[in-house]
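> Here is how the chains run, residue by residue.
Number of protein chains: 2
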Amino acid sequence: MTAPKRLSGVLAPVVTPFKSDLSPDRARYVRHCKWLLANGCQGLAVFGTNSEANSLSVEERMVLLETLVQEGVPADRLMPGTGCCALTDSVRLTAHATALGCAGVLMLPPFYYKGVSDEGLYRNFAEVIERVGDARLQLYLYHIPPVSQVPITLGLIERLLKNFPGTVAGVKDSSGDWNNTKAMLDAFAKSSFDVFAGSEVFLLDNMKNGGKGCITATGNINPGAINRLFENWRGSNAEALQKDITATRGVMQKYPMMAALKAVIAHFGRDPDWATVRPPLVELTPAQNKSLMAELEPRGFEMPGLAVASATATA
Amino acid sequence: MTAPKRLSGVLAPVVTPFKSDLSPDRARYVRHCKWLLANGCQGLAVFGTNSEANSLSVEERMVLLETLVQEGVPADRLMPGTGCCALTDSVRLTAHATALGCAGVLMLPPFYYKGVSDEGLYRNFAEVIERVGDARLQLYLYHIPPVSQVPITLGLIERLLKNFPGTVAGVKDSSGDWNNTKAMLDAFAKSSFDVFAGSEVFLLDNMKNGGKGCITATGNINPGAINRLFENWRGSNAEALQKDITATRGVMQKYPMMAALKAVIAHFGRDPDWATVRPPLVELTPAQNKSLMAELEPRGFEMPGLAVASATATA
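In order, the protein sequence lines correspond to chains R and X.
Note that the numbering used here has the first sequence beginning at 14, numbered continuously upward.
Note that the numbering used here has the second sequence beginning at 14, numbered continuously upward.
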């Protein structure tokens with residue numbers, strides 16, 4: 014078996030809906046994934062930071078992934094997060110995703126211990142690759158030091174790429190630091206190492222420098238506009254498209270992101286139950302919710318077809 | 014069923030031995046736990062930071078805990094760590110430990126998301142307590158901001174104590190900040206809230222201010238000397254005992270703690286396999302190992318009976 018075709022474009026770290034008892038809501042999850050693929054997302058980075066993935070057990074993630082595939086979401090559009098604190102969990106999730114035919118996995122470093130060495134992180138990723146032992150595995154490294162507090166350095170990438178060519182496929186850079194993304198592009202973009210920006214704010218710059226797209230929280234609510242830039246980044250209106258999506262991102266960033274994404278889906282999908290988050294997160298306050306919608310609506314922000322899909326599915 | 018008797022004294026966050034394939038080594042684990050209880054530890058805070066607990070899956074922890082109880086380690090001496098990023102994992106581990114009759118559980122806050130609110134953390138702990146729904150549960154909060162990056166504030170403790178009296182039993186303060194430990198003692202020690210220092214460096218101060226002992230990494234290797242201070246903290250030689258254990262701690266702190274603890278057990282137990290750690294940690298270099306032993310041996314440091322126990326068990 015050979016590795017699947019590489020993903021590029023806009024990927025959403027899909028937010029995970031919960032029922033009132035805080036269990037994952039599979040029906041709403043499938044519906045949102047299908048809406049994203051029909052509205053601009055080339056792929057779904059399920060189980061990312063914005064998915065509250067680390068608030069889910071290994072078993073809960075496996076059931077959700079199997080549900081997506083069973084319900085007709087193409088596995089070759091999926092890049093699930095599979096990096097856990099425990100090596101054994103990372104191996105289990107990565108093997109499971111690869112066996113299901115996923116396009117790749119997006120892997121956090123083990124993030125409990127701080128100040129660990131590149132040698133220790135190298136051993137972690139190498140053990141996962143060797144234990145999974147599947148030529149189809151496409152491993153994307155997840156660099157998000159503001160949250161994980163454990164960085165993926167250029168030296169670590171170089172060593173992994175050298176020893177596991179064809180398996181180490183790329184990175185999502187959520188450092189928020191364009192200079193770091195640029196350094197990754199300069200060092201590795203020519204070595205079949207696909208760099209995804211962690212925010213659409215850097216999408217145009219990333220494409221101009223050999224990147225492959227972005228994996229972005231706001232891909233959950235604004236995939237059409239972000240994809241228009243991806244498809245037209247060489248066009249004369251690229252700067253204007255970038256300016257527009259950056260502005261929408263700017264509105265969202267004033268609020269706690271995960272609760273805000275769910276609030277927007279609840280509002281524009283006319284489906285209030287979507288607002289539920291798992292502890293330790295909390296939902297937006299009514300005042301935050303009102304203020305957020307009052308900023309988005311005058312911008313002409315919309316999520317086409319979402320309310321209809323929701324009404325049909327729950328009828 | 015009623016709550017078990019509260020623990021006090023010296024507790025070790027027991028280091029977890031691994032085989033060469035990185036799977037937990039149950040035989041060495043049981044042996045070390047029994048050595049600790051026979052040599053000064055009143056209790057075992059298994060699955061703490063120094064146990065590499067977050068490098069273990071939920072299932073691996075459950076098997077190890079069941080093994081201890083089956084092999085005759087009294088459950089009422091155990092305070093396993095059960096706080097995970099995922100609420101469902103924390104509930105599962107806490108219910109399991111409580112059903113086994115453990116003296117209590119030591120619970121990290123969910124530690125992936127940073128900058129979360131006290132409201133979100135309150136909901137996390139409250140959900141665990143309510144879902145476990147067992148009057149025997151004794152919940153100790155684990156404050157270790159240098160690693161978890163998510164603090165347990167005085168306000169959070171106050172709210173939990175008020176709403177779950179008799180269940181919220183205490184705290185391990187690994188902030189390394191005596192002023193914080195003192196504030197916890199001043200605010201809550203009279204409310205049946207048991208404060209354990211996270212290092213023996215603060216043991217005498219903690220006891221003088223109404224604390225219950227310490228839960229300390231070096232309890233794994235130096236339990237006898239630390240326990241001598243615990244038992245004699247009102248005595249005339251208490252300052253001298255404190256000075257001695259602080260000095261030993263000072264030697265250990267020059268090295269990566271978890272690898273150093275295992276290196277010491279491997280050396281003094283004449284059992285080199287003990288040195289194995291799981292990624293992302295790495296073992297001491299030969300030079301570090303040599304230097305550490307060269308500092309400990311002239312101090313008269315010893316681990317009485319450890320080598321004999323090891324030789325007998327592996328014979």
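It is worth saying that the hints were derived from the structure and are not from the lab.
Check each hint, because a few of them may be wrong.
Copies of the same chain look alike in the list, so a pair counts if it works inside one copy or between any two.
What the hints assert, rightly or not - Here are the simulated lysine-lysine pairs, BS3-like style, with alpha carbons at most 27 Å apart: (1) LYS127 with LYS303; (2) LYS195 with LYS303; (3) LYS303 with LYS256; (4) LYS32 with LYS127.
> Now tell me if each hint is right for this structure.
Here is what the structure says about each hint:
| no. | hint | result |
| --- | --- | --- |
| 1 | LYS127 with LYS303 | between (38 Å within a copy, 25 Å between copies) |
| 2 | LYS195 with LYS303 | neither (38 Å within a copy, 43 Å between copies) |
| 3 | LYS303 with LYS256 | within (24 Å within a copy, 59 Å between copies) |
| 4 | LYS32 with LYS127 | between (34 Å within a copy, 24 Å between copies) |
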